[in-house]
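Number of protein chains: 2
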Amino acid sequence: MGHLEATELAVMLLSLGLLIGTARLLGELARRYHQPAILGELLAGVLLGPTVLGTLLPEWQTFLFPKEGANAVVLEGIGTLAIVLFMLVAGMEVDLSVVWKQGRAALKVGISGILVPFTLGLLAAFLMPTALGRQADADPVIFALFLATAMSISALPVIVKTMMDLNLYRTDLGMVVVSAAMFDDITGWTIFAIILGMIGAEGPGGVAMTVALTLVYGVLMLTVGRWLVHRTLPYLQAYAHWPAGVLGFIVTLGLFGAAFTEMIGIHAIFGSFLVGVAFGASPHVQERTRMMLDEFVSFIFAPIFFASIGLRVNFVTNFDAPLVLLVLLLACLGKFAGALLGGRWSGLPTRERWAIGFAMNARGAMEIILGLLALQAGVIHQRLFVALVVTAIVTSAISGPLMRWILQQRQPHRLLPILSPKLFVRNLAANSSREAIRELAALVCQQHELNDEMIEGLAWEREQMTATGIGHGVALPRARVANLEEPVVVVGLSEAGVDFDAPDGQLAHAIFLLLTPLEDPAVQLDLSANIAQMFRDPQMSQRVLRAANFTEFLAVLKTVEPRNA
Amino acid sequence: MGHLEATELAVMLLSLGLLIGTARLLGELARRYHQPAILGELLAGVLLGPTVLGTLLPEWQTFLFPKEGANAVVLEGIGTLAIVLFMLVAGMEVDLSVVWKQGRAALKVGISGILVPFTLGLLAAFLMPTALGRQADADPVIFALFLATAMSISALPVIVKTMMDLNLYRTDLGMVVVSAAMFDDITGWTIFAIILGMIGAEGPGGVAMTVALTLVYGVLMLTVGRWLVHRTLPYLQAYAHWPAGVLGFIVTLGLFGAAFTEMIGIHAIFGSFLVGVAFGASPHVQERTRMMLDEFVSFIFAPIFFASIGLRVNFVTNFDAPLVLLVLLLACLGKFAGALLGGRWSGLPTRERWAIGFAMNARGAMEIILGLLALQAGVIHQRLFVALVVTAIVTSAISGPLMRWILQQRQPHRLLPILSPKLFVRNLAANSSREAIRELAALVCQQHELNDEMIEGLAWEREQMTATGIGHGVALPRARVANLEEPVVVVGLSEAGVDFDAPDGQLAHAIFLLLTPLEDPAVQLDLSANIAQMFRDPQMSQRVLRAANFTEFLAVLKTVEPRNA
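Heads up: the protein sequence lines correspond to chains A and B, in order. Using our numbering, you'd call the opening residue of the first sequence number 253 and step up by one each time. Using our numbering, you'd call the opening residue of the second sequence number 253 and step up by one each time.
Looking at chain A on its own, in the form it has when it is part of the complex (with noise of 0.2 Å):
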């Protein structure tokens, strides 16, 4: 026993919270600069690795973040197991019934946006190996396998979640990304799968062997393991304890898978994401045990590996402009051309296309772990692989807003960014709908340029139209407002409660003052349908009396923020 001394055992816990701390921390900054959190998470390492902590405090990096001995070798150990908890967490966003149902559309997107970019990467990597970096001694038919891969792979998650954030993932055009996306990264592994086996080919066997296995485990997973943890799952579910029970049964399948390829002599990455594929979007996984793998392995897991990357690689002596506009050049290109091809084939309108192939840029983590192996393999060097993990960062942080573009989508307007501590009233003197009305339309016009006079007697007018009391305890007093640039909502919250005449006779504690643009009516009908929904559970009203301010009505709110899907 007592491997690990007791300042080694105090470093990797110090170590691990300062990695998951700053990750979080700066993950966050970067979700409220509209940023992927990823791109915190690897400024994260970058601040504690070579490139900023080790210029500035040399010794107190090697004395955190040690290269050899006992606590590199655990922090290692950890962040490999994080990474292969990530992918089975990824795979299992993959719902092979869903590229069944698209069909030919998908599968013309899928094949076009795997073989253009694979094609491209190949020519490039032959007719360019100096430009893009091949190492001397470096196998070109690896590498050009490698970058033709590097250069197709797309990111599922991130496109899943533009998908949702611009209300398109249930539309059949999301639905043919989506599909697409799973097709060509089921592909885009596999392909790795068997370039890793061909310069590994550690496992018994060499090459043929591994690649055999690989194609084997890989096609055992997708049928007969698919089908054994389709029928396990409801036993689990009904007669173990639950969540747990199914937790375990997930996380057990996947390092095994992990462990399986891992000695076969590819990464064992791969193994733990086919398991995830296999569990797929199983029915019999609820979303809730879904949601607390995901949130716990993005969350908590995945940051100590994103920050590693930062720990191990200095970004500013191995940035190479011309090299990582290069790279990022034929990436966009590959994947735009594949997917303005693909929507021609299936037939699609050219703005559809062109949306396609936005969201299919998307790169995201698969390219940054993708090119962490390559970099441990010794296929490509430092320069390209801070080369891929900005194009990985920039095409992430593009595809949402350029598809909104190109689209003319509106995002669904949300009540939690509009809501702001200078427009609530904690407790309403109020005894009326009139005077609710009256002092909420007060306190808004002393914050924004408005007649008060005005805006109450619109939002009263209205009021008499139709009593704006929802139920639940939820009034949503409205008026539409000439030259309003965008929405605005008071809130005020009531003890006692006020009458707003509610199809359920309850009185309203919590009242939501919406002002919209006179112009655009639909506004006003999104932040209704969120209020509503977010007030679905008759003791919502009361939990958010509780809230002694307005952070912790906000934090309130919070928990109940519909994930639209």
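Keep in mind that a hint or two might mislead.
Same chains, same names: a pair is fine if it fits in one copy or spans any two.
[Unchecked claim] Heads up, simulated SDA-like pairs for lysine to any residue below, C-alpha to C-alpha not over 25 Å straight-line:
id, residue 1, residue 2
1, K674, D704
2, K319, C697
3, K360, T569
4, K674, H493
5, K810, Q791
6, K353, R795
7, K810, S534
8, K674, C697
9, K810, I722
10, K319, A258
11, K319, R356
12, K810, L480
13, K413, T442
14, K353, A800
15, K810, E539
16, K353, T442
17, K353, Q628
To be clear, the hints were calculated from the coordinates, so they are not data collected in a lab. Just so we're clear, the structure is a prediction, and the values are computed from it rather than from any experiment.
Starting from the structure of chain A, add chain B where the hints point.
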């Protein structure tokens, strides 16, 4: 890079998968037989460790769980991480405000419940060191202090769970027990931290410094730390990603606390435990965040730790029956005497005094962790450790049954354990309530020796008095039957729906025919309340209709089973 070779990574993933999988499996089996899950988790280690696998397949055992090298280090690192997180979660169960609120009674029981067993432990250690197996080279004072602490500790999570199972958690008796146990836990761990400081004193400045730092850390955490945490949480909840923002914050602080206490020369778990207490039962940590952390840590991480105990210790060769009996006797004696005196001191009735003794006697995981640290620090040998493990399991297992017996407390009947695949009709043919009752009565009478006409008559008579449609698509026809030993429930689902005259006008899709003993009217109430709570969500009966068979039906109900708190 690459400190871990491919084979080592594969072994790491495989061994973690084996530990989690086996521990979860045996943990579930233990629960099935009403034993603590931790028993199963320890047995998993016994199976995979030297005791069984090491005897049957020694090479496999050393390949999978080597005692030296990178894999041993990684497993130790992950095991430490697991126990640090486990203690963080355990700390979060301590609600200091409850302790203050309960006031004198709790304090008296708490003080007496720790003082008496502590004194008994001290005396025993000095009077019969050989029988208790003090090591020849062990410091007598440290050994005695350790044994005294081991006799005084209790397992808060086990106690809370027992109280909930017996529906006592929110009663006066329950609160006295729980807050006394919280008091004892904090005191016990503080004493133990000081003992560790006395042994190790690896920190700067020797023993005095370590003890001083420990106390300062403890006091700061429970005052300033607690205050800061409670101020920060609403902001994170409101403005960061939810629930990951709060989750990351808790884990990061837990790791920092653990690193600090490890660095000053006491063990890491003390630091994370106190961070957990600082979060305490903060109303700002939402139930869902808490549940997520708890399930993941208790069912994925903790099993790794507990199973790995079995890897280190041979439970067969180190089982010393007289020592086990002696320790078990001392432990029970101390706690019973302490609780009886404390109960008398605060003027509680005799029956309740005994109940408190039985409750606080449960030692669970805490005793095992304490013992392991003492074993690692060289204070005790493996035989005493095994005796402590057995004591922990036995006291936890007998705690609930003994309490139930002394209080004559009935456990409310719950639906799920009563359901049976033989008493389930997936598609009712019935079109009316009368027909539905006839169909269900006929099925139940095939399975049980009952007269179907009599049952149907009773239920229909009852139905005519007041209709049993309770709304949300559920009906609960019922009959109280003479000479019935145990309640019987037969379930029918109907896609078309059957009219049971529900107040909300909906047809019933899920129909539960409740047959309960004539002599015990409370059973019917228990079951009705239990079912009504599960169907609180109006969508629930639609979800139930998606179940293709009994197992899937049970799986759906499982997700809404109330955790009786």
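Status of the hints after comparison with the structure:
1. K674 <-> D704: within (16 Å within a copy, 68 Å between copies)
2. K319 <-> C697: neither (60 Å within a copy, 72 Å between copies)
3. K360 <-> T569: Neither. Shortest intra-copy (42 Å) and inter-copy (65 Å) distances fail the 25 Å Cα cut-off.
4. K674 <-> H493: For K674 and H493, only the inter-copy Cα distance (22 Å) is at most 25 Å; the intra-copy one is 46 Å.
5. K810 <-> Q791: So K810 and Q791 pass the 25 Å test inside a copy (15 Å) and across (22 Å) alike.
6. K353 <-> R795: Between. Shortest inter-copy distance 23 Å satisfies the 25 Å Cα cut-off; intra-copy 42 Å does not.
7. K810 <-> S534: Between copies only: 17 Å across, 27 Å inside.
8. K674 <-> C697: within (11 Å within a copy, 67 Å between copies)
9. K810 <-> I722: Close inside one copy (20 Å), not across copies (32 Å); limit 25 Å.
10. K319 <-> A258: both (19 Å within a copy, 18 Å between copies)
11. K319 <-> R356: neither (50 Å within a copy, 55 Å between copies)
12. K810 <-> L480: between (38 Å within a copy, 21 Å between copies)
13. K413 <-> T442: Answer is within; shortest intra-copy Cα gap is 24 Å, inter-copy 47 Å.
14. K353 <-> A800: between (50 Å within a copy, 22 Å between copies)
15. K810 <-> E539: Answer is both: 18 Å inside a copy and 13 Å across each meet the 25 Å cutoff.
16. K353 <-> T442: within (22 Å within a copy, 61 Å between copies)
17. K353 <-> Q628: neither (38 Å within a copy, 58 Å between copies)
Hints 2, 3, 11, 17, counting from the list given before, are not met by this structure.
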